[in-house]
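Asks: What follows is the residue order along each chain.
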Amino acid sequence: MNIVVLVKQVPDTYSERKLNSSDGTLDRDATDAVLDEINERAVEAALQLKEAHDGEVTVLTMGPARATDAIRKALSMGADKAVHLSDEALHGSCAVQTAKALATVLGTVEGGFDLVVAGNEASDGRSAAVPAMVADVLGLPALTHAREVTVDGSTVTVRRETDDGVTHLSAELPAVVSVGEKINEPRYPSFKGIMAAKKKPVVTLSLADAGIDPSEVGLATALSTVASSQPKPPKSGGEKIEDEGDGGAKVAAFLVAQKLI
Amino acid sequence: MAEVLVLVDHLEGEIKKSTFELLTAARALGEPSAVVVGAAGTAAKLADVLKEHGAEKIYVAETDSTDFLTPEVGVLASLVEAKDPAAVLIAVSADGKEIAGRLAVRTNSGLLGDVVAVSADGVTHSVFGGAYIAEAKATTAHPVITLRPGSVEIEPAAGAGVEESVPVPASQGRAATVTSREPIVGGDRPELTEASVVVSGGRGVGSADDFQVVEALADSLGAAVGASRAAVDSGYYPHQFQVGQTGKTVSPQLYIALGISGAIQHRAGMQTSKTIIAVNKDAEAPIFEIADFGVVGDLFKVAPQLKDEIAKRKG
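Heads up: the protein sequence lines correspond to chains G and E, in order.
Its first residue numbered 0, the first sequence is counted upward by one per residue in numbering that gives the first Met the number 0.
Its first residue numbered 0, the second sequence is counted upward by one per residue in numbering that gives the first Met the number 0.
Be careful, since some hints might not be right.
Simulated pairs of lysine-lysine, DSSO-like, Cα-Cα distance not exceeding 27 Å [what the hints assert, rightly or not]:
1) G/K258 to G/K231
2) E/K300 to E/K16
3) E/K300 to G/K249
4) G/K249 to E/K273
5) E/K136 to E/K16
6) E/K311 to G/K249
7) G/K249 to E/K82
8) E/K300 to G/K258
9) G/K231 to E/K247
10) E/K136 to G/K258
11) G/K239 to E/K306
12) E/K15 to E/K300
13) G/K198 to G/K49
14) G/K231 to E/K273
15) E/K311 to E/K280
16) G/K231 to E/K311
17) G/K239 to E/K280
18) G/K80 to G/K197
These are computed hints drawn from the structure, not numbers from a lab.
Here the structure is a predicted model, which means the values were calculated and not measured.
Please take these sequences and the hints and turn them into a complete structure.
Replies: Quick look at the structure:
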C-alpha cells in the first residue's frame, strides 16, 4: 500500500508569530519554523500502516525552500521519499489554490497512492479543511479527524472524533484521511534514521515541473485576499493584589463592580 | 436584495446557537435564506424558530443518504449556482469547516475561514489567537464564510420563512459512508466555545482530583470548565477541554484562570475574552500581563472563597 503524507511547516506556537505588514501574509522569517505537531502524528500513522501492510510512504509538502527541514524530520522518522513543491509564485496562495495544487502534485507521485494522510488542522491557518478540499478536487472520499485508522483489504475505516461526537466512517481506497491529535504518539527519529534520511530521495518540483499554470496560484489570483492587518494593541494588565486572606472576596467585589455577577 | 445562504447546524431536532448568529450576521449582506439538510421531517421541526430569527426563505433538502457531508456540499453548491447568493455562511465546527472548504473548491469561491465579523466590505479575522486583526475579502462572487461561534450577538427578527424543497444532487466523486454515530454525552455545563463564562485550571491545580475546585467555582457561575495544555498533558483534565493554540479558542464575557502561568500557547486561545481574572502563586506569571484583575495567591484558598461569595450574592 502506497501512502502519501501531506506535511506543512508552520511557525512554532511557542514563539511569537507575525504577519507581513506589506501583503498580510505570514511572516515566515520572524518565527521559528517547525514540522507541525499534527503532521508528525500523520507521519506516524502512515508508518504504522506501512508496517502492517507494506508499501512506501512518500512525504509531500508545499512551501518555501526551508520547508526542507520538515521533510528531513519526516524522512528521519522513517518515510521513504519526499516531494517538495517549491516555487516563488506560490507565495500567498489561498486555501482553494493550495488544495488544487496539492491535488495536481499528488497525481505525479511515482508509484501512485492508495491513501493520502494529513493532519486535521495546521496550527497557523486553522482553516482545517485542506485535506477534505484535496479529496474534493480528486473526487475521493475524505475520512477526517481520525482517532483510529484501519485498512482491511481495499477498505479504510476511521473512528472520527470531534467536539460533536464520534462518527464511524468507511470508504474504498484510494481515499484521504486526516488524523487528530489523539491518534498516536509520534516516534522520535533514531540516530540511524537521521543518518539514513540524508540519503533518501527528495524531488523538488517547480510549478512548471508539476504542470501547474502559474496563473492558478499565488497572491495575485488568490480567491481571497487580506486587505489590511495590524497587531492588536496588547491588552494591558489591570489591578494585581496579593492575597491576604480576602483574595476571593476582592475578586467577587471586582466582578460585582463590573456587573459580571 | 441578494440572498445569503445560511447552513443550518442541527442535531436531533435542535438548532445550534451558532446558526442564529449566522442568521443575524447574514442580514449585513442581504436576505438570509436558511438551508436545512437532513432526514425526512427535519425541516418541519425547525421552521418556526428559523423564521423567528429572520430566515426569509428556507430551502429544505431531505435525504436518508449515509454519505458523509457530501449531501450538504452538493445542496449548497447547486443553490449557489441557481440563486447566485451574495455569500454562503457556515458556522465554524469540524463539519462546518469541511463543508465550507469543499464548497469553495466546487464553486471556485473565495474561502474566508474562521471570521469574527462580517460586513458588506469584507470580513474580519482574529489571527494567531487575537494577536492580530486582519481585514480580508474574497475576489470572487459568492464567497464561502465560516463564522466563529460567539462572535455575533443574536438579534431575533421576523422572517417570512418561505419553504422550498430542493433535491440532493448525486454525489460528485466517491464519498465516505457513515456506518454509525455516537453523540457526545454532554454534562450539565455549557459548551466551552459557547459559554459566556469560562473557569480554567492549569498546572497549578496539581492533580486530577483537585480539579474539582475549578469545577465547583465554574458551577457556581454556570460556567464551562477549561484547562491549559500543561494541565491536559499532565492528565489532570480531558483533552476536549483544552484552551489554547492547540485546543479551543474561547472568547467569553468572563475568563477565570486558576493556576495558569499564561504561556503564549494558552493566551492564544483566550486573550480575546472580555474580562480576565487570574489567580497564581507566581507574581511574575505572564497571565497577569493580560488580566483585568489578578490575585497573587493560593488558588485553593481564593477559588473556594470566591465561590462562597458568589453563593452569598445569589442568596
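Asks: With reference to the structure, classify each hint as holding or not holding.
Replies: Results for each hint:
For the hint linking G/K258 to G/K231, the alpha-carbon distance of about 26 Å falls within 27 Å, and the restraint holds. In summary, the hint linking E/K300 to E/K16 is not supported, as the alpha carbons are separated by about 36 Å, beyond the 27 Å threshold. With a C-alpha separation of about 13 Å, the suggested pairing of E/K300 with G/K249 holds against the 27 Å cut-off. Among the hinted pairs, G/K249 with E/K273 is consistent with the structure: their alpha-carbon atoms are about 19 Å apart, no more than 27 Å.
As the CA atoms of E/K136 and E/K16 are separated by approximately 25 Å, the hinted pair is consistent with the 27 Å bound. Under the criterion of a C-alpha separation no larger than 27 Å, the hint pairing E/K311 with G/K249 is consistent with the structure, at around 14 Å. Only pairs whose Cα atoms come within 27 Å are accepted, and G/K249 paired with E/K82 is rejected, the gap being roughly 57 Å. Annotation: proposed proximity of E/K300 to G/K258 holds, straight-line Cα distance about 23 Å (limit 27 Å).
Taking the CA atoms of G/K231 and E/K247, the gap is about 20 Å. The hint holds against a cut of 27 Å. For a cut-off of 27 Å, the pair hint linking E/K136 to G/K258 is broken: about 37 Å separates their Cα positions. For a cut-off of 27 Å, the pair hint linking G/K239 to E/K306 stands: about 20 Å separates their Cα positions. In summary, the hint linking E/K15 to E/K300 is not supported, as the alpha carbons are separated by about 38 Å, beyond the 27 Å threshold.
Simply put, G/K198 and G/K49 have alpha-carbon atoms about 20 Å apart, close enough for the 27 Å limit, and the pair holds. The straight-line distance between the Cα atoms of G/K231 and E/K273 is roughly 14 Å, inside the 27 Å bound, and the hint therefore holds. Pair hint E/K311 plus E/K280 holds up; C-alpha atoms about 26 Å apart against a cutoff of 27 Å. At most 27 Å may separate the alpha-carbon atoms for a hinted pair to count; G/K231 and E/K311 exceed this at roughly 38 Å.
Proximity of G/K239 to E/K280 is assessed by CA-CA distance (about 12 Å); at most 27 Å being required, the pair is judged to hold. A C-alpha spacing of about 11 Å is found between G/K80 and G/K197, which places the hinted pair at or below 27 Å, so the restraint holds.
In summary, the structure is inconsistent with hints 2, 7, 10, 12 and 16 from the numbered list given earlier, while agreeing with the others.
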